[in-house]
Amino acid sequence: MADVMRSNGPEEEPREGAAAEHPEGDGGRSRGRRSRERKGSFWRELPILIVTALVLTIVIQAFLARVYVIPSQSMEQTLHGCDGCQNDRVLVDKISYRFTDPEPGDVVVFRGPETWGQNDFQVAEPSNPVVGFLQGAMSLVGFGSPDEKDFVKRVMATGGQTVECCDDQNRMIVDGKPLNEPYIYWEPGRPDTQPDFAPVTVPPGYLWVQGDNRNDSSDSRFQGGGGVNGAVPVDNVIGKAQVIVLPPQRWQSISETNPQADALGAPAWQAGLPAGVGFAAAFPVLWMGRRFSAVIRQHRQERH
Numbered sequence: 001m002a003d004v005m006r007s008n009g010p011e012e013e014p015r016e017g018a019a020a021e022h023p024e025g026d027g028g029r030s031r032g033r034r035s036r037e038r039k040g041s042f043w044r045e046l047p048i049l050i051v052t053a054l055v056l057t058i059v060i061q062a063f064l065a066r067v068y069v070i071p072s073q074s075m076e077q078t079l080h081g082c083d084g085c086q087n088d089r090v091l092v093d094k095i096s097y098r099f100t101d102p103e104p105g106d107v108v109v110f111r112g113p114e115t116w117g118q119n120d121f122q123v124a125e126p127s128n129p130v131v132g133f134l135q136g137a138m139s140l141v142g143f144g145s146p147d148e149k150d151f152v153k154r155v156m157a158t159g160g161q162t163v164e165c166c167d168d169q170n171r172m173i174v175d176g177k178p179l180n181e182p183y184i185y186w187e188p189g190r191p192d193t194q195p196d197f198a199p200v201t202v203p204p205g206y207l208w209v210q211g212d213n214r215n216d217s218s219d220s221r222f223q224g225g226g227g228v229n230g231a232v233p234v235d236n237v238i239g240k241a242q243v244i245v246l247p248p249q250r251w252q253s254i255s256e257t258n259p260q261a262d263a264l265g266a267p268a269w270q271a272g273l274p275a276g277v278g279f280a281a282a283f284p285v286l287w288m289g290r291r292f293s294a295v296i297r298q299h300r301q302e303r304h
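Going by full-length UniProt numbering, the sequence shown opens with residue 1, and the numbers climb by one from there.
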């Protein structure tokens with residue numbers, strides 16, 4: 001038994017000595033192997049990362065938000081889409097209208113109803129099928145051309161309201177009241193007056209929409225021959241244009257000026273009602289917070 005124990009000693013000692021003589025050699029080889037493993041792991045994971053990013057992008061574009069190109073002049077100068085300029089790209093929020101309906105002043109992107117013919121987005125169909133596929137794929141992630149059936153306009157009136165044009169100061173009228181529209185743009189070379197049209201009562205579940213470039217917009221006044229045929233179903237609304245994301249020098253939120261705010265506004269005491277309610281509610285909320293904190297402190301003291 002003793003001989004066996006002694007014979008193991010010399011065999012172990014050279015190995016320990018060898019390791020002591022070449023400590024850096026083994027460490028260098030280990031580091032090299034780890035480096036190669038990391039590089040190999042990266043290249044194996046890269047396709048997974050790309051596919052995951054594309055899937056997330058498509059899901060976000062389909063259900064949460066999407067970037068749209070504005071090639072139409074109908075919303076000048078709120079949105080730039082003029083010949084010879086760098087067209088705006090806007091982020092369209094698809095979540096808001098899952099909980100609320102569009103309101104006057106909202107700038108919305110929507111699918112044109114069947115009664116609508118001419119559209120904002122004139123997109124030439126590519127003859128090359130490969131180019132067509134790539135264009136469709138890029139459109140999904142917000143970099144390609146928009147759908148030619150999509151429009152962008154501002155909501156002027158909602159279901160049940162009666163809209164007409166115009167009063168003696170050339171202002172749109174909703175429910176007998178003139179609108180306040182500071183965003184209207186009169187394009188040079190065109191008349192700076194709006195064409196008159198007879199009163200139209202917007203059907204329930206529909207919207208009356210018009211462009212900010214008031215005399216260069218094919219909208220509810222003209223589409224489908226005008227009248228109720230020009231109204232847009234709320235169900236056709238894709239989302240709310242929230243922010244201009246490109247070009248960088250145009251980064252800004254999109255005006256949501258409600259044209260009915262002044263014309264159809266509430267009396268002053270009613271306008272201050274939300275602030276009064278908030279002030280009154282602050283006291284019970286503060287009291288409840290203090291009571292809750294006292295209960296927690298008492299519970300901790302009892303435990304100790």
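Be careful, since some hints might not be right.
Quick list of simulated restraints, FRET-style, between CB atoms [what the hints assert, rightly or not]:
1) Val243 - Gly205: 26 to 36 Å
2) Gly205 - Ile48: 21 to 31 Å
3) Asn258 - Thr193: 16 to 26 Å
4) Pro247 - Ile48: 26 to 36 Å
5) Glu114 - Leu46: 41 to 51 Å
6) Ile50 - Glu256: 16 to 26 Å
7) Arg291 - Glu45: 36 to 46 Å
Here are the simulated DSBU-like pairs of lysine-lysine, each with C-alpha atoms no more than 35 Å apart in a straight line [said to hold, decoys possible]:
8) Lys149 - Lys177
9) Lys94 - Lys149
10) Lys177 - Lys94
No lab work stands behind these hints: they were computed from the structure. Values in this document were obtained by computation on a predicted structure and should not be read as measured data. Just so it is clear, CB atoms sit at the ideal spot from N, CA and C, and this is done for glycine as well.
Evaluation of the provided hints:
1. Val243 - Gly205: 26 to 36 Å: holds (28 Å)
2. Gly205 - Ile48: 21 to 31 Å: violated (45 Å)
3. Asn258 - Thr193: 16 to 26 Å: Between Asn258 and Thr193, where Cβ atoms are some 23 Å apart, the hint holds.
4. Pro247 - Ile48: 26 to 36 Å: The hint (26 to 36 Å, Cβ to Cβ) holds, given that Pro247 and Ile48 are roughly 33 Å apart.
5. Glu114 - Leu46: 41 to 51 Å: 46 Å Cβ-Cβ, so the 41 to 51 Å window holds.
6. Ile50 - Glu256: 16 to 26 Å: violated (37 Å)
7. Arg291 - Glu45: 36 to 46 Å: violated (52 Å)
8. Lys149 - Lys177: holds (33 Å)
9. Lys94 - Lys149: Holds, because 17 Å separates the two Cα atoms, which is no more than 35 Å.
10. Lys177 - Lys94: holds (31 Å)
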